[in-house]
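Undergrad: Listed below are the residues making up each chain.
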Amino acid sequence: MSKLTKTALITGGSRGIGRACAVRLAKSGYQVYVTYVSSPEPALETCKMVEQSGGKASAFALDIGDYQAIVDFFKEKIKDQVFLDVLVNNAGQTKDGLLVRMSQEQWQQIINVNLNGSFFCLQQAAKIMMRQKTGRIINISSVTAQSGNPGQANYTAAKAGLIGLTKTAAQELAPRNITVNAVAPGFIETDMTASLNDEVKEKYQSMIPLKRFGSAEDIAETVAFLASPEASYITGQVLSINGGMYM
Amino acid sequence: MSVDQKVKEIVVEQLGISADEVKSDSKFVEDLGADSLDLTELIMAMEEEFDIEIDDEKAQEILTVQAAIDYVNANQ
Chain Y
1 MSKLTKTALI
11 TGGSRGIGRA
21 CAVRLAKSGY
31 QVYVTYVSSP
41 EPALETCKMV
51 EQSGGKASAF
61 ALDIGDYQAI
71 VDFFKEKIKD
81 QVFLDVLVNN
91 AGQTKDGLLV
101 RMSQEQWQQI
111 INVNLNGSFF
121 CLQQAAKIMM
131 RQKTGRIINI
141 SSVTAQSGNP
151 GQANYTAAKA
161 GLIGLTKTAA
171 QELAPRNITV
181 NAVAPGFIET
191 DMTASLNDEV
201 KEKYQSMIPL
211 KRFGSAEDIA
221 ETVAFLASPE
231 ASYITGQVLS
241 INGGMYM
Chain G
1 MSVDQKVKEI
11 VVEQLGISAD
21 EVKSDSKFVE
31 DLGADSLDLT
41 ELIMAMEEEF
51 DIEIDDEKAQ
61 EILTVQAAID
71 YVNANQ
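Same order as they appear, the protein sequences are chains Y and G.
Just so we're aligned: the first sequence equals residues 1 to 247 in my numbering.
Just so we're aligned: the second sequence equals residues 1 to 76 in my numbering.
Simulated from the structure, these hints should not be mistaken for laboratory data.
It is possible that some hints are incorrect.
Stated by the list, open to error - Some, not all, of what chain Y presents toward chain G, calculated at C-beta under 8 Å: (1) LYS127; (2) MET130; (3) PRO175; (4) ARG176.
What the hints assert, rightly or not - Quick list of simulated restraints, FRET-style, between CB atoms: (5) PRO175/Y - ILE52/G: 23 to 29 Å; (6) GLU49/G - GLN68/Y: 37 to 43 Å; (7) MET247/Y - ALA19/G: 53 to 59 Å.
Given the structure is predicted, the values throughout are model-derived calculations rather than measurements.
A virtual CB, placed ideally from N, CA and C, is assigned to each residue, including glycine.
Next up, chain Y with everything else stripped away, as it sits in the complex:
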């Protein structure tokens, strides 16, 4: 086992928080695996960024909403191929709408990708990490899971589900020296938030005591900390990185 390369797997590594986590975890010395769902180019760009700073990275196509695809991916690319030190469940999607107008498909798709997909990745990773007798799982939740957010019934429910999952997984996997934590980013400047209009952005900014939006790197630093030996006694926690937006 110890001959295998220490690896951090980050789902959704094409941009934003996933990309920043890939770059940061590579600096911590991990080989980095990122997944992407549609076009490979942005994920390959992430790999290039990692390689430019002296790291090792690979990108894999994986639809996180597809159970069988997840099972096959772990079987073919992870199990007995690498030493899976870290899983960052980051892949996520939004499809906003007020709840009375939300379609069944809109609800189910977001629950499927953000919650079901994260669970199945966690499940596959846990099987491998149990054998290794070590591992770190970090679920990317959201401040909106804690505070609620109009227009995001599907997304907030999924992200709040991740918090419950984090705590149960932390308890079940603790005997195998696997820690499971969640990170709850506040308003972070990424593609996901870029589409909001200025008025909404100003409204959010006024709610943030630190009076600025966070960066993907802010989240990546916290993820790297939770993956580090210094965080070995932290499990089942939700770390909020939100400029004080929600306390």
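Since the structure of chain Y is already known, use the hints to place chain G on it.
TA: Then chain G, alone, in the frame of chain Y:
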């Protein structure tokens, strides 16, 4: 290698105990010190090794090394 030997080998590996501790009538929990995660891992390892599926209800009945061997023999 026989099913008997293979199951015992899995038990030794999963529970981190020596081969001479594993008797056919050994109970996983009482005699071999397995906890619930150990049992789950044993079941998973057997599923993989023998390419079978053991559902949770059946798994709960597999309490001894012999029960595991019998299950594999009956379902392979």
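Undergrad: Taking the numbered hints from earlier one at a time, note which ones the structure violates and give those numbers from smallest to largest.
TA: Of the numbered hints given earlier, the structure breaks just one, which is hint 6.
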